[in-house]
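These protein sequence lines map, in sequence, to chains A and B.
For the first sequence, the working numbering gives the first residue as 80, with consecutive numbering after it.
For the second sequence, the working numbering gives the first residue as 111, with consecutive numbering after it.
Be careful, since some hints might not be right.
Said to hold, decoys possible - So, partial list: chain A residues that the calculated Cβ filter (under 10 angstroms) puts toward chain B:
#	residue
1	Phe92
2	Trp208
3	Val323
4	Ala360
Rather than coming from a laboratory, the hints here were simulated on the basis of the structure.
Even for Gly, the Cβ is constructed at its ideal location relative to N, Cα and C.
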Amino acid sequence: MESIGVLMPRPTFPYLEEQIDKRFKLFRLWDNFSYDNNAIASSIRAVVVNSVDGADADLIRKFPNLELVSCYGVGVDKIDTNKCAEKRIRVTNTPDVLTDEAADLTIGLILALLRRLCACDQFVKSGNWKRGDFNLTTKFSGKTVGIVGLGRIGKAVAKRAEAFDCKICYHSRTAKPEAKYRYYPSVVELASNCDILVVACSLTKETKHIINGAVMNALGAKGVLINVGRGKHVDETELVRALVEGRLGGAALDVFEDEPNVPQQLFGLQNVVLTPHIGSATVETRTAMADIVIANLEAYFLAKPLLTPFL
Amino acid sequence: MESIGVLLLCPVFSYLDQELDKRFKLYRYWNYPQSVQFLKEHANSIRAVVGNSNYGTDAALIDALPKLEIVSSNSVGVDKIDLNKCREKGIRVTNTPDVLTDEVADLTIGLILAVLRRLCECDRYVRSGKWKKGDYKLTTKFSGKTVGIIGLGRIGTAVAKRAEAFNCKISYYSRTEKPESNYKYHPSVVELASNCNILVVACPLTEETHHIINREVLNALGPKGILINIGRGKHVDEPELVSALLEGRVGGAGLDVFEDEPNVPEELFGLENVVLLPHVGSATVETRTAMADLVLGNLEAHFQGKPLLTPLV
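One chain only, chain A, in its complex shape (with noise of 0.2 angstroms):
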């Protein structure tokens, strides 16, 4: 398989490199990679993808061999599918693995925010402490957790939720009468029933934007916004407005529009949260993302089934 050309889009975890620079024949776009020879160009079969570099169809049709794209993350919004399916390349992507560790990191997030643990941290690590309590914050054990998007994560995140005594509640495409958690049949509805709302939903036409000014309202002064999911789920101005005008009470963010690029209005807000897009961050999770990764790749260099086929 050392002749089958791989293309990476960007260095990202060592061991993913590593893997595949022995299995196959990897081309780095970083490392002085010329779309115009020819000879590269048709030998690529595969590229390995993330959720920053994706595979639209102006990069599909550089690649006239191309047959397989292998996303490093679970999100493929970044995929053109329509031209994958088109074109019969195709799709995998590192479900499961990651969901405990986007649940861990919504969780994470939410306490920061609640009880504002960087704020404290900060406060203790500058000296303030010495000159007086830190105030008080909030308590999230019983509060109403409302999840857009019951899938794997959003399950993962309402198990570990309960854990806390919260009430769970959701709106996804359809209700999911085998959940036992509260059904509502908006966004806007959800939002005006709970505390925290934490985004969870994968990024399609439909869900772009899902979290507007309505919904931020609706969420309100009390309410907390938690998007582990993506940048655009998110209408990030009119964010950047409810936060700024006290309408909405907080938020934290692992993910944005424009990464790596925030609003810079966030950064001296006390009742915001930012992480840099950290939701499957771990050396274990990459680890097992980069596993399934190979593991595709070779399984259909191999001619056997896709471990874990998108398309």
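With chain A's structure known, arrange chain B on it following the hints.
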């Protein structure tokens, strides 16, 4: 009851201060820098003391208040109250158990996640603009790790319940084994530390548990282990902890309490594997209100000759 003197040892939640002021003759101790003079003048009218985790009632204060009948602590920990002296003199003591259990357990999980996933470091990373230059490094997973709890009381049990939802294995150490819990018991703290990834201190502070986290325990916990202290600062040999962290013998720490609050060893300030909180275990509006109601409820019950709500002595 407005003539009953109540000595408030420290500033508290405004709600509690206002309610105490409404119902009793309230003396705010910190307003009297000449405490000896103050006690001479007012000691005979003081029948109750309200303190908290940092401001206790020791033998000296008890001796200075001959009419003292009840000490009502705005905390669950009573390590700063001389319980023996109170017993000796028939002084009642109340604290605030249960109402703060969830709060402290929540904070414990928050600390674990903040340390393991470097949440505060990441938040700083974004705000300082560093994300534009590159991603933050990989951290380590919480789900599935082994959590070792020292003290399987109300708070320890609540921590275990939450950690189980993250598929953590739970093990514990306490004075006696608790067979009704399904968790693995270790007969010593060193053994517990050797066999867990995250060591949580959740027992009361007594003579026996002073410095229960010592050098040997820290070495057993090891460079991949982390310590979470939501008990009392004196549970941990603080200088030992500092050197263990600086030398990499322990993987990290999340601390809400310190030996000499609000003083915190400055060597810890620059460590990215350490999260430091200003004793906020129970510090939410909801919980401090519930605690205040217990303090007030206990005081009223006592002075109305009714049974105390949450007596310790």
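Taking the earlier hints as the rules, which of them does this structure contradict?
3
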